[in-house]
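A.B. asks: So the chains spell out like this:
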Amino acid sequence: MNEPIRRVSVVVLLLFLTLMASASWVQFASADSLGQDPRNVRTLYRQFGSFRGPIVVDGTSVVRSLPVDDPFNYQRTYTDGALYAPVTGYYSIGPGSSGLERAENELLNGSSDALFWTRLGELVSGTEQQGASVELTLSAPVQQAAFDAMGDRRGAVVALDPRTGAILAMVSTPSYDPTALAVHSSSEANRVYQALLADQTGPLINRAIGGDTYPPGSTFKLVVAAAALHAGYSTDTLIDAPDVLELPGTTATIQNYGGESCGPGEQVTLLDALRVSCNTAFAKLAMDLGWPAIAAEAEAFGWGSDLTIPLDVTKSRLPDTPNQPQIAQSGIGQFDVRATPLQMAMIAAAIGNNGVVMKPYLVDTVRDPDLRVVEQTTPTSLGQALSADDAAALTVMMQAVVNDGTAPAAQIPGISVAGKTGTAETGVDGESPHTWFVAFAPAENPVVAVAVLVENGGDLGSEATGGKVAAPIARAVIEAALAAQGVTG
Amino acid sequence: MATVQEVAVRVGRRSEAALLVIACAIAIGARAFVDANAADGIGRGLAIYAGAVVALAVAAHVLVRLRAPAADPVLLPAAFALTGLGLAMIHRIDLAYADRGRDTHFGTTQAGWAVIGIVGAMLVIGLVRDHRLLRRYTYTAGLLGLVALLLPLVPGIGREVNGARIWITLFGRSLQPSEFAKIAFVVFFAGYLVSNRDTLALAGPKVLGVRLPRPRDLGPIIIVWAAALLVQIAQRDLGASLLFFGLFVAMLYVATQRLSWVLVGVGLFGVGAVAAGTLFPHVASRYDAWLNALDPSVYDSGRSYQLVQGLFGMASGGLFGTGLGSGSPGLVPYAESDFIVASLGEELGLTGLMAILALYLVVVQRAMRAAIGVRDGFGKLIAAGLGFSMALQLFVVVGGVTRVIPLTGLTTPFLAYGGSSMIANWLIIALLMRISDLARSSAAAPSRVAPSTSRPQDLIDDGEEAHA
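In the order they appear, the protein sequences are chains A and B.
Sequence positions in the first sequence follow this note's numbering and run 1 to 489.
Sequence positions in the second sequence follow this note's numbering and run 490 to 957.
By construction, these hints were calculated from the structure, which means they are not laboratory data.
Predicted model, so just to flag it, every value in this text is computed and none were measured.
A portion of the hints provided could be inaccurate.
What the hints assert, rightly or not - If you only want the chain B side, here are some residues facing chain A, beta carbon under 7 angstroms, derived:
no.: 1; residue: L800
no.: 2; residue: F801
no.: 3; residue: L842
no.: 4; residue: V893
no.: 5; residue: I894
As the list claims (entries may be wrong) - Simulated coverage check for chain A against chain B, where a stretch passes if three residues somewhere in it have a Cβ under 8 angstroms from a Cβ of chain B:
no.: 6; region: 23-29
no.: 7; region: 35-48
Just so it is clear, CB atoms sit at the ideal spot from N, CA and C, and this is done for glycine as well.
Next comes chain A alone, as it looks inside the complex (with noise of 0.2 angstroms):
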């Protein structure tokens, strides 16, 4: 009986290769695949459930990582989340991730290779993996103060140290608690993303920097005066202002804001015109300057570069090769010239900066769990978008604009502010335009410049302007920038 025994064993050799071959084919072969079924929810526990860095605006955690006894052992959690949202973003179950909790995701759950050494203490002390804190350069109080201020109007608030490039607000509204998300319920996340997806209102979308660009309206004068000073002009020179512009080969108009004069003659000066927002003037000077000249100005202020702050900024856009009629179009900011609110904010920055851009960023300190610096900011410059003389001559034309112009909402009793507004068409029959205001402050040594966007007049609708709508969230912001530095009238 010994030889059918022997050819037994064979056959159970051959049971048990085909058990291991089988264990391996799942454990290792397949074991990626399966890995990222969305059905497998361990690939979610082993994500979610470490410690994730905090994210820290002014020394305090507005995003944390809490112990829960769940299996996921953290839960995050979201302080003053609708203000942070667009910032933060959320960390879901359900969709995923968003904002700086994307952009920094591996900082924040600690595998990134700058958290090398931290992680081989952590695997020499046997403790487990924690990620690094992350340190916005945001405000507390200029954020709450422009997320105040727009209330629950849509539109997108910027504010930038001109100095330095660091953000020290970036509000979108309307908002979302990113807490809704961050149940460790996937179906109920996904049933409040839909939700969120689904609303009109886009609350989901990061106005400032990201999806829909705006047209720029009046505040792009500061880009075609800017390149007329570069050209030659100053702020005295006369350029044509008549009261109807007509377009050349075509039957079209420019006419001005409400069908008025920009001064009692057929010409104007150059801050005068841009001190009531002269339309026609500034069409027909950008036809007299030509749109390499202003594209390449608008390009110098960072127009149609790529940008992360970390996150990923959506390009400004120009029209490529624009006929006259375009190009009188384009030079009031309307036809194809689409800004975010970030770019219109650095275009005010650089003003106030003698003319050099500074990169904007969100991200000051980067820390380990034992408070170690990782990384650190160091402000970068993007170049001289103008020379110091010519920023310097903008500056007095835009303190005209709030003085004497059309933005006395934004004058601050004690304290120059240099400003600009815009009232852009949104090129869609019935709907109110987009109100504008974009400014720094104060005029000589500014700490801080702001863009405000009201998307469709905000609660005025139709008789929206950028100096009635934008311009007081604009001082607001100002305001609480200026108490924060300590700087005073």
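Given chain A's structure and the hints, the job is docking chain B onto it.
C.D. replies: Relative to chain A, chain B alone:
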């Protein structure tokens, strides 16, 4: 033919002691990792547990030295290590369930069953001095096996769980009689086949080149086997019917050396499997859940949920596992019993699972070696049958969990939660040790069995009670 003589000269009790030290270290170490990673840390409970493990190991080893001094030194430590790993994992799954709000005490209960199983095995080694005694009870064993199989169908004590009526409730404890029936049938098959193998193999008509046995020779065994199979099909115990079928075919082959019968058996099985898939919806559903496990419609219907969750668990374990106490085995339904292999795969990784499979392979191959070494045909058939049944059972379970074959309910020997399985498998270890003791001591001292060297080997195989 027999090449084991030179190996068997060393009885290996020192090796057994050394291996038992390792087995105890595995059992206690695994439990310590679980406590450290998933519970409140290592405490007094571990010390008590370690004391009990060491005491049992020492007692078992001493008894083996006294009563089965030549027994295979690997069987006891391997079973010990597997039992210890299973206890640690079941304890760990209690903790995982507790995290999910379930209050279970599988670990404590199973530890009790393990003690009973080991003590039972020691009693068998102590009391049954010669396995050949069992041959007297050939037909009794067959009858007992059938009765045990039928018990779950008896109203009052039978119990149905998840569609399979294979449990009975006795004294407040549930038992799975098929685990014991398996041993009884091995004894019956062995006893019957060793008496009738020559007539089975040599007498009878030849059809298409295959010599078929005479009905009167094959009759009793076919009746018992078919009855067992029918009962299991009625109880919807697919895994056990597969196991019994395979066991019968293997033992028939060992007894008669007729490969053609194996082919007939495998062919019959194939026909049966296809027929069952067409006739019975619950079988067809199993096939579907196996072949299309990851298909969303099958998964969402819940039919492949357990299987897929088990695969996810094993996949997340990867090569080296999450570490004992650091995975999420509690996500898989029946992680402590049917899917304990997936739980182990998750926390110990492919490496750990390979090691566990290797342990089983060692046990099974040692059973086969005992079958080759022992001189009586009855012992050969029992050892080979028990060894093969363990291998096939493991194949059915692990193959089901790793998607080689459709998932059927069978317990994983020594590892899975369940008292019947634990006791039955320790009884198997005891029988194997008893047979290996005889095999190795008779090899060392041939006078004990006193065969006449002038007789042909085949007759020696039949033992002293051989039928001509």
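A.B. asks: For each hint, tell me whether it holds in the structure or not.
C.D. replies: Comparing the hints with the structure gives:
no. : hint  : result
1   : L800  : holds, 6 angstroms
2   : F801  : holds, 4 angstroms
3   : L842  : holds, 5 angstroms
4   : V893  : holds, 5 angstroms
5   : I894  : violated, 9 angstroms
6   : 23-29 : holds (count 6)
7   : 35-48 : holds (count 9)
Consistency note: the structure conflicts with earlier hint 5 alone.
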